[in-house]
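K.L.:
Spelled out, the chains give:
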Amino acid sequence: MIRTDFQSIILNLQSYWAQQGAVILQPYDMEVGAGTFHPATTLRALGPDDVWRAAYVQPSRRPADGRYGDNPNRLQHYYQFQVIFKPSPAESQALYLGSLKAIGLDPDAHDIRFVEDDWESPTLGAWGLGWEVWCDGMEVSQFTYFQQVGGIECHPVPLELTYGLERLAMFIQGVDNVYDLDWDGVPASDGGKIYGDIFKRAEIEFSGWNFEHADTDMLLQHFRDAEAECGRLLGLNKALALPAYDQCMKASHFFNMLDARGVISVTERAAYIGRVRALARGCCEAWIGADKVVSHG
Amino acid sequence: MADLLVELVGEEIPARMQTMAAQHFANAVQAALDGLGVWTGEATINGLCGPRHLAIYATGIAVAQPDRVIEKRGPRVDAPDAAIAGFVTSTGLPREALTEEDTPKGRFFFARSHVAGADTTALLGDVVADILTQFPWPKSQRWGRGSFRWVRPLHRINIVFDGQPLAGSFDLGDTQPMAFGATSCGHYFEAPDDISLVGVDSLDEFKRRLASAHVIIDQSDRRTAIIDGAKALAKDVGCTVDETQLGTYIQDIAGLVESPTALLGQIEDRFMQLPPELLQATIATHQKYITLQDQSGAFSPYFIVISNRQSDPARDQVIMAGNQRVLRARLADAEFFWQQDKKTRLDAYVPQLKAVTFYEGLGDLQAKAVRLEKLSSALAPYIDGCDGADAARAGYLAKADLVTGMVGEFPELQGIIGGYYARHDGEPDSIATAIAAHYRPQGPADDVPHTPTAKAVALADKIDTLVGFFGIGAKPTGSKDPFALRRAALGVIRIILDGKLSVPLQKLLDTAAENYGFAAVDDDVLPFIRDRLRVYLRDQKMRHDIVAAVLADAGGDDLRRMADETRSLAGFLENGDGLGLIAGWRRVSSMLAAEEKKAKHAFAATTDPALFNDIEHALHRALTGLPDSDAGFAAQLAALGDLRAPIDRFFDGIVVNDDDPAVRLNRLGLLAMIREKMQLVADFTKIEG
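As given, the protein sequences belong to chains A and B, one line each in that order.
Note that the working numbering has the first sequence beginning at 1, numbered continuously upward.
Note that the working numbering has the second sequence beginning at 1001, numbered continuously upward.
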C-alpha cells in the first residue's frame, strides 16, 4: 500500500524521479513565487548542459494569496514539486503518468485529461505550451514544454512538470480543507501532525505582515537595491550571473509583497513587471555568456 | 482509383483548434492532390480530429498522374545542320522521331515526347510533408531536440494508400527523421495496444477500427454521443438539456474526450441560493460540465459530467466524487465572495474604483463612474419611460462590482453581479436591471438591453468609451481593435435601432467629450459610428448602393432615421413606381451629364413657365408640389413615385434639343430641377443597376 501522507508524497515523487535519472535537489534558499524561479529550472533550461534532469520541492510564496488561515484552499506559502527534463523525452506523458501511480493515483482508476493551458511568466520573459492535467476534474499538475526563458529560445526544449503538492495531497487524501492534511501519517494521539499544526499560525501571521504591516517604503527601497545590485553584477567586466539572478529573484519577491500591500497601481504594475523581466533577461544572457567562457576555457 | 488515409497521432490537441485542424487538413490535401492531377471527378475527402488523432480520409484518388505529351518546337527545316543537331541532342530523341510541321511562320521541326505520369505513391510523401510544415496552428511549439513546430509533440505519421502503408519519412529537424507508418493507437487507458491501419478500405472501416479501441475520431460523432448521453441522463431526473446553450461550449467538451460517458451529479442545496449565472459560469465555463433545466425551465441542481472513460460503476463513482469535490471547492469560494461582498453596499465600492485605471490617459474607474452618472442622465430625456435620477444612479453604480471579490474571481460576470448586489442593497429594480444589462450587447449574438434605464446606461458606457479612446488617438486600425471600439459602436447602433430611439448623437458625443475635459469631441467619432451603421445595414442584407444613397449627408447623426430611410428606399425601389422613377432619373441625369459636359457648366434649376407646353407644365407642377422633409421620408418617396408618369410623358413627347436655344435651355433647366428635387430626398447618383 502506498502511503499518502504529505511527506510520503514528497518522498515518493523524489524516489520516482530519481529512478528516472533526475538529480534530486533541495529547495532554493530564497523567497520565490514558484518552483520555476529556482536557477535549476530558469537558468538550466538554457544551458550549459545538453542533458539536464532535476527534481526538487520548492516552497513558494504568493503574498497576495494569504487568507489569514481562514480559506480552506488558499495559502500565501505552499509547496510545489518541480521536475525539469531537458531535452523533453519522447515518452514525457507516460513518465508523468508513472509518477501519479508512484504516489497512489493509479491513472487507470480515474479520468485523466490533458487540458490546454499555455504557460507564460511575464516576469521571467518565459513561455511554453502544454496543459493542466486534470484528474476527475481536479487540476493536479502543470505540464509545459518550455519554448523561451529570459527571452531566449530553449534548445533543446525542456519539459517542466509542476505539482501543486497541497492540492494534490488533498485530492489523494480526500480532504476538503488544506489544514486537515495528514502530514506524517502518525496518529494525533501519538504526536502526529496535520498541516494546520505546522502552518496555520504562519499563515495567520504572514497574512498580517503581507497585507497590513510590511513597511512599504522599506520594501520599495529593497526593490530598488536588489535591482541596482543585479544591474551592477551584470555590468561587471566578467558578469556574475548567479549572484545577479539571486538579486533578480529578490526584486521579484519584493514586487509581489508591494503588490499584496496594494501600493502598486494597475499602470505601475506593468512597469514593475517589465523591470523584473529586464533583470531576468540580463541574468539569462549573462548565464549563457558565462557558459561560453567556461566551456571554451 | 484508390483511397488515401493520412493519420497523425500526437499529444493532446487543444479542443478549440480541432475543428479548424480537420477542415484545414482536408482542404490542403485536396488542393495538393488536385494540383498534381490525381484528384478525380469522383474524389471525396473527410477531415477528422480528436484529442490525439488528426486524419483525412479521401476516396477516388488516381493511382498515377495522367501521362503527358511535352511538345517542343525546334529550328526551321532549312536551318543549318548544326542547329538541327543541337536541337536533337537537347530533346534526347533520335532524329527520326522529329516531325516537320507548317506554321504561319514557316516549316519547323517539332519534338514530341510522352512523359509517363508519376505514381501517386511517389508524390504523397512530399504532399504530406509540405502540409505539415505549413500547417496554420494558432500557436505551435518545438520539443526534444527537433526544430519542427507542431501544436504539441507529434508521435506518428500514418499514410495508407490503397490499403497499403506508404514508405518514406518526415524530417523533424532532429537527429532521426520520423518514418511513415500504418499503426495507430487506441484510448490511452482503455485500449493501449497498437491498431493496424493496413487494409483499411473505407472511412467507416477506419472509424470502426479506432472505435473498437475506444476512440471516436469524428467530432460530430462525439458530439452526438455526448448529447445523446446527456439527454438520456437528464430525462431520468425529469430535466432537459438546453441544446442552444450547450452548443456554445460543446466543442470544449467534445475536444477533451475520445470515449465519452455521461455521469450525473448534483449541486448541494446550500449552493442553490447563488445566482444561476454564477452557477452556470462555474459549472459550464470553468468545469466544462453540462447544466440542466427542470420542467419549469429553472436552473436544475443536476448537472452532467462527461468522462473520458468507459462506464464502470465503481470507477464512475470515484470520478463523480472527484468532480463533485472540485465543484464544491469552487462553489464554496464563490459563496465566500457572495457573502463577503454583500457586507459592503455597492455604492461604497465606488470610491475604491479610484485605484483601478480605466486606461492610461483616461483616468481611473471612479472618474468613469462619475461620467456615466452624468451621461446616463443626459440620455434619459430621449428614452421613453426613463427617469433621469434613476439613470444617473445606475450609471454611477454600474462599474462598482469591478472591485468586488466575486468579479475578481469571475470577470465574465461583471455587471450581472452588480445587479444582484444592488437589489440586495434595496436599490430599485430599474437600477439593478440597468447595472446587470449595461455591458450588453456583448457580441452580435447577444441581446440588447430592454428596460429604459438599462438602455441609457448601456449607451452612456459605450459612448463614453468611444469618445475617450478616440480622444487620446487610440483608434482602431485595420484588423486591430484592441479596445473593442467597433463592438461599442455597433452596440450604440443596435440599442438605438432596437429601441426606436431618436437620439441627438452629436450632442451627446459633445457632452461625453466635455465630461472628459476634452476641448472637443474627436472629428472621427461620428464618421466611425456612421461607418459601422453602413456595415450593420449591409449585414442586414440592405443593398450597399441604397445605404450609400441615404447616408450621403455626412453630418447626419440620427441613426434611427437613417436606418428607417434605408428600409423605405429599399422598399420603394422594389415596386413599379420606384423602378420607373429610377429609369426616368437615369435618363434625366445622363442627358444632363452629356449636355453639361458639352456646355462645360452645370445647368441651373431655373425655368421660365412662359416657354412651357402642357407636358412641361404638368411636370413643373408635379415638381413644385413635392412635399419637403417635414412630411417624412415615406411621403417624400411616395410623391417622387408620382413623378414617374409626368417624367415618362416628358421624354416620350418632347425633344429637349429644340431648335430654339431658349426653349432648349428651359427644358434643361426643368431636368435640372428634377435632379435637384430628387437629390434633396436621397443621393440617387449612388443607386446602381
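No wet-lab data here; the hints were simulated from the structure.
Yeah, the Cβ is synthetic: ideal placement off N, Cα and C, and Gly gets one too.
Treat the hints with care, since some could be wrong.
Here chain A is said to cover these stretches of chain B; the calculated rule only asks that three of the stretch's residues, wherever they fall, bring their Cβ under 8 angstroms from a Cβ of chain A [as the list claims (entries may be wrong)]:
#: 1; segment: 1023-1031
#: 2; segment: 1130-1142
#: 3; segment: 1300-1313
#: 4; segment: 1507-1517
Using 27 angstroms as the maximum straight-line C-alpha spacing, the simulated BS3-like pairs for lysine-lysine come out as follows [said to hold, decoys possible]:
#: 5; chain 1: B; residue 1: Lys1288; chain 2: A; residue 2: Lys200
#: 6; chain 1: B; residue 1: Lys1541; chain 2: B; residue 2: Lys1600
#: 7; chain 1: B; residue 1: Lys1343; chain 2: A; residue 2: Lys101
Among chain A residues calculated to face chain B with C-beta under 10 angstroms, some are [unchecked claim]:
#: 8; residue: Ser88
#: 9; residue: His110
#: 10; residue: Val157
#: 11; residue: Met170
#: 12; residue: Asp180
#: 13; residue: Asp184
#: 14; residue: His222
K.L.:
Find the hints from earlier in the document that the structure breaks and name them by number, from lowest to highest.
P.N.:
Of the numbered hints, 1, 4, 5, 6, 7, 12, 13, 14 do not hold.
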